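Peer 1: Protein chains in written order, with the UniProt record's numbering: chain A, 1 to 340; chain F, 1 to 340; chain X, 1 to 340; chain E, 1 to 340.
These aren't lab readings, by the way, just hints derived from the structure by calculation.
Among the hints, a few may not be true.
[As the list claims (entries may be wrong)] Partial selection, computed: residues in chain X whose CB lies under 7 Å from chain A:
hint: 1; residue: 26
hint: 2; residue: 206
hint: 3; residue: 207
hint: 4; residue: 234
hint: 5; residue: 246
hint: 6; residue: 247
hint: 7; residue: 287
hint: 8; residue: 295
hint: 9; residue: 297
All values reported here derive from a predicted model rather than from experimental measurement.
In this text, a Cβ means the ideal position worked out from N, Cα and C, and glycines have one as well.
Number of protein chains: 4
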Amino acid sequence: MSQLLGVAVLGAGHMGADHIRRLDRVVSGARVVAVADPDAARAEEAVAGRAGVTVHAEAEAALDVPGVEAVLIASPGEAHEEALLAAFARGLPVLCEKPMVPDPAGALRVVEAEAGLGRRLTQIGFMRRYDTEYARLKSLLDSGRLGRPLLLHCTHRNVSSPPYFTSAMLIDSSVSHEIDAARWLLGHEIDAVTVHRPRPSAGAPAGLSDPQFVVFETDRGALVDVEVFVNCGFGYQVRCEAVCEAGSARIGEDHTMVVTAAGGAREEVPADYLLRFADAYDRELRAWVDATRAGRVTGPSAWDGYAAAAVAEAGVRALESGTRTAVGLAPRPALYAEPH
Amino acid sequence: MSQLLGVAVLGAGHMGADHIRRLDRVVSGARVVAVADPDAARAEEAVAGRAGVTVHAEAEAALDVPGVEAVLIASPGEAHEEALLAAFARGLPVLCEKPMVPDPAGALRVVEAEAGLGRRLTQIGFMRRYDTEYARLKSLLDSGRLGRPLLLHCTHRNVSSPPYFTSAMLIDSSVSHEIDAARWLLGHEIDAVTVHRPRPSAGAPAGLSDPQFVVFETDRGALVDVEVFVNCGFGYQVRCEAVCEAGSARIGEDHTMVVTAAGGAREEVPADYLLRFADAYDRELRAWVDATRAGRVTGPSAWDGYAAAAVAEAGVRALESGTRTAVGLAPRPALYAEPH
Amino acid sequence: MSQLLGVAVLGAGHMGADHIRRLDRVVSGARVVAVADPDAARAEEAVAGRAGVTVHAEAEAALDVPGVEAVLIASPGEAHEEALLAAFARGLPVLCEKPMVPDPAGALRVVEAEAGLGRRLTQIGFMRRYDTEYARLKSLLDSGRLGRPLLLHCTHRNVSSPPYFTSAMLIDSSVSHEIDAARWLLGHEIDAVTVHRPRPSAGAPAGLSDPQFVVFETDRGALVDVEVFVNCGFGYQVRCEAVCEAGSARIGEDHTMVVTAAGGAREEVPADYLLRFADAYDRELRAWVDATRAGRVTGPSAWDGYAAAAVAEAGVRALESGTRTAVGLAPRPALYAEPH
Amino acid sequence: MSQLLGVAVLGAGHMGADHIRRLDRVVSGARVVAVADPDAARAEEAVAGRAGVTVHAEAEAALDVPGVEAVLIASPGEAHEEALLAAFARGLPVLCEKPMVPDPAGALRVVEAEAGLGRRLTQIGFMRRYDTEYARLKSLLDSGRLGRPLLLHCTHRNVSSPPYFTSAMLIDSSVSHEIDAARWLLGHEIDAVTVHRPRPSAGAPAGLSDPQFVVFETDRGALVDVEVFVNCGFGYQVRCEAVCEAGSARIGEDHTMVVTAAGGAREEVPADYLLRFADAYDRELRAWVDATRAGRVTGPSAWDGYAAAAVAEAGVRALESGTRTAVGLAPRPALYAEPH
């Protein structure tokens, strides 16, 4: 059988450690060669005595280990720009966790650097594109059977938010998933955003504007509305309904097991996104390894990472101003001419 | 506007009182003229001071009150044969609650008496035929869109059984609804029955064989299986799936309101049949009043009442013997030649 | 039994004729005494030879017929103000079809006239309040089990719009149902509205802005969003999800019969509102007849009629301006102090 | 990282080739070392030029290739007994596709041979145990939250049957999945079976008794009914409802995407078991590789393979005789004392 792909993993926190486990135990065709994290103990723990893996404090040192053929970036978002440029300098294909780069200016520098190379090296970790239900919805929309999409109704609910969560993070952390999903499902760019704020839930921490209701307008006339509610109390729910000229389609209804007992029929709602999207993470990584071994780059691009950052940043401004806010995107380089 | 139909109601128990209320308050076109019940206090309470209604201890006395044009029989099943024959003797149209007559021999005497009159006077109170969902399923099967029906899977669950309930009553009281519904939906007669008995639920009273699983065979080769579980603990559920040569159709899934809260999404299951089939009772009575005022007799016939009694009686024998038991039906009089 | 309530019906068009049928054939306790319509042939046809009903060209002539004890107004909205004031002058209880009065100024005059009488005479025909699913949702919200409501997501779809339909009518005719339903479900007043317009569907007539997406803000901080799409092509769908602090609840999911055949499982979507809300119309009329016979006035009030007109009018301005538009309500008279 | 597990694959037909692909491309931790098939061209095609894999006509030759540490048996059922005994002789762990051995006598010889070794080497390929929905149902039943299981209602439908299919194969090929699933979910043995035969569907090939309705009785008093319909025409459907003393739970309702278009809401039904259970096959193989590398044997045992064969054989006799037929199981060796 063919040679295993040698991977350097940057970042050994929660997400990095999970990807190391996935490369080792779940996905065939790759092996972890080097791990970098400023916290040496954390890196050693993630590696857990696996033979043949070196551990580094500096990202660039890991990239230079012999046998490294590809890079998985799971460090904090602030470190992504430097890591991406280092990978580009070495011609290494990259899977970069979201957000690609949190601020639009930095994200645009990454886009321009990759465009300067004249070829794609980057896949961004928008894992919803690898979820079975999203993939079925995308396939249905692309088939044209329902006609042109007019509206996308989205729901994004979490049981509770972590203590550090701010009102802006409902947009630039939570809704950023819907931003990419909407751009991908529709094949449109988003060019304006309005944020409506109901009175906060008594279940939300003091000062947090939760829930929020966000309305995006696309460059081809569709509307995308998102209820984001990160302290809903009852479960993790991600739903999407596409309303088209000839019909509508919904995913995320969670009817996998119906239990009827005292009080009614009920279905269990998953507790968090790792349960809901576990298979999507597996598929995402498998697709990246397969494509990389075949010398190809597929999936969400650096342009998608940049556009998500620019829309999220406009969304935070819309939240603060209370008014409709335009999104200003840079011109799209020819490298990304293909629809997302 | 036209004259109101004068009705005598026989029996002022739970069901009789409910029908009196319905004729008075819900259904237009009729008025109660006379009520009969051996328990005079109960009859007076059901009438509750309504003007122009006379109260009687004897059924025949009520039938002879001037202005009585039709009869609603809601007395205990043992009294039905005599009441039906008294109505026939006076040429009065009848709505008779189920069971028409509990024992097949008595039921056959009613059939023969009506056949001797040469015209139908009787509608039997199988109210499921007037339920919106059953009506949609019947209409779909009759349309032929799904081809010939092959199997009917039925579920009949109650929260708990009354104290007097016996193992035989799971068949001749509860499943009797499915017997009529299956004959009506399919347009077949039932000619054999097998009863499978799992170990009783710990939630059932000692000695009660609950749940039971009943398999009927029809004269045209279809199978009908019924789970009857009268101490299921959680609600009243009546479901039916018709499996046909070109597709299947299900009713009774109860998706009227979906509530998502801590622990999952849930739908409320109604507590009893009066909630589930409230509208069906209204429609049944309205259909009877409308048809009677127009001089017609529609709905389930005395033959349907007899067939239900004969199949239920065979079912009780099958329960006791543990073996496949044939149903022996008398020849069908020409009066009932129409499909049910 | 008690005396039948004598009703004058004003307007013998589609809706008036349907109400005449309902009073005659479906709902007990009332009889039609007089019908008024400028089109005499239409009025005669609606009465169809029923004995004891007089036919009139003028509304006031019908109100003055001996035996008239209550009025049902089903004439065009422009005629309502005069008809309501005529009923008030005679002290007659009224069931008035929606819109009570199309323009807010006229609606306010009706409110002030009734307030001047010092007692309620008017019930407005918002029939969704009588739908079983809406009633269950209202009851759940009122129970407090799910905590305070934060968001209401509404969908209102029709197969196709009539030829005379304008972009404004999506708001003041279609969405007016959601305006009343939201005010009633929440017990809030609406104080601002924004209308988002996606590119129109190719299935909509040229020039019609269809679909629209309307966001209402209430005086107690809740948001109500409504997708209105009157040329969706596939059926009549009315859905509502209430998102509360401790859970969410949805109605209108239409799971009454699931058919699985070549191509998938499917459920039939009803074709129009008369099918979907047939039972609600029956219940509405029954509730009005019962209350009127008992000397009470219940259900949606003239204030509700006024508030719906004022919000709809602001909605049309929001549609035209493309900006957030405040709703200015007059002070609420003490007569309507009760929550809707 | 650790050494890859060397696997010999016996049989390079449809299922064998799919497992070779899965070991190579999907599941980490293993590599194919040798493939055996009497049809050399088929074996070469399945291997498709992968380096380091040898191809053999004889199963035993493949087992003796250096580096073989485990065996995957995907040859026809008739060849399984000899292959299993050969693996036992070499002490090699085995994943054996179902049926383990088609006839109960041969299956019992395998059980006795493994019991003679004093340790388990065999995992049987009942992949439903690795399906997410089945696993959730199993977990719910094991939790005891719904009390003791009383009934299991199962549906097993295929679009159409292959040309060689016989009436007996509805039992010993199709229903054999439900036999294992029921034994596993309940933790009971099956000790009797009755087969009810409706008139065959017009959509079934002449002479095929399709659908069938099978009722199993367990040694602890539960009933399991199975509708098997292999020419249903519309899709692949596998559903299961467990009815317990305190509630019921259903899986297989397929609500992943709801599409509403002209004619109603619909959900797509998958076309075949490879679509429906694709993830289950992946999980099954991953679990086997993981356990084998850790020196453990888990999953369905040779006893489960034997019991399935014995119950299926009794089912075929019940089909032929039309009567209730007892299942005679040999005593269970101590090695398999654990519940399935």
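Peer 1: A separate judgement is required for each hint: does it hold in the structure or not?
Peer 2: Hints, verified against the model:
Below 7 Å, beta-carbon pairs count as interface contacts, and residue 26 of chain X has none with chain A, the closest being about 32 Å; its hint is therefore violated. Violation of the interface hint for residue 206 of chain X is found here, the shortest Cβ-Cβ separation to chain A being roughly 14 Å, above the 7 Å cut-off. A cut of 7 Å between beta carbons decides the hint on residue 207 of chain X: the least distance to chain A is about 16 Å, and the hint is violated. Checking residue 234 of chain X against chain A by beta carbon gives a least distance of about 6 Å; that is within 7 Å, so the hint holds.
Proximity of residue 246 of chain X to chain A holds as hinted, the smallest CB-CB distance being about 6 Å (cut-off 7 Å). Interface hint at residue 247 of chain X: satisfied, since its Cβ lies 6 Å from the closest Cβ of chain A, which is below the 7 Å cut-off. Because the closest C-beta pair between residue 287 of chain X and chain A is about 27 Å apart, greater than 7 Å, the hint is violated. Against a cut-off of 7 Å between C-beta atoms, the interface hint on residue 295 of chain X is violated, since the closest Cβ of chain A lies about 39 Å away.
Violation of the interface hint for residue 297 of chain X is found here, the shortest Cβ-Cβ separation to chain A being roughly 33 Å, above the 7 Å cut-off.
Checked against the numbered hints given earlier, the structure breaks hints 1, 2, 3, 7, 8 and 9 and satisfies all the rest.
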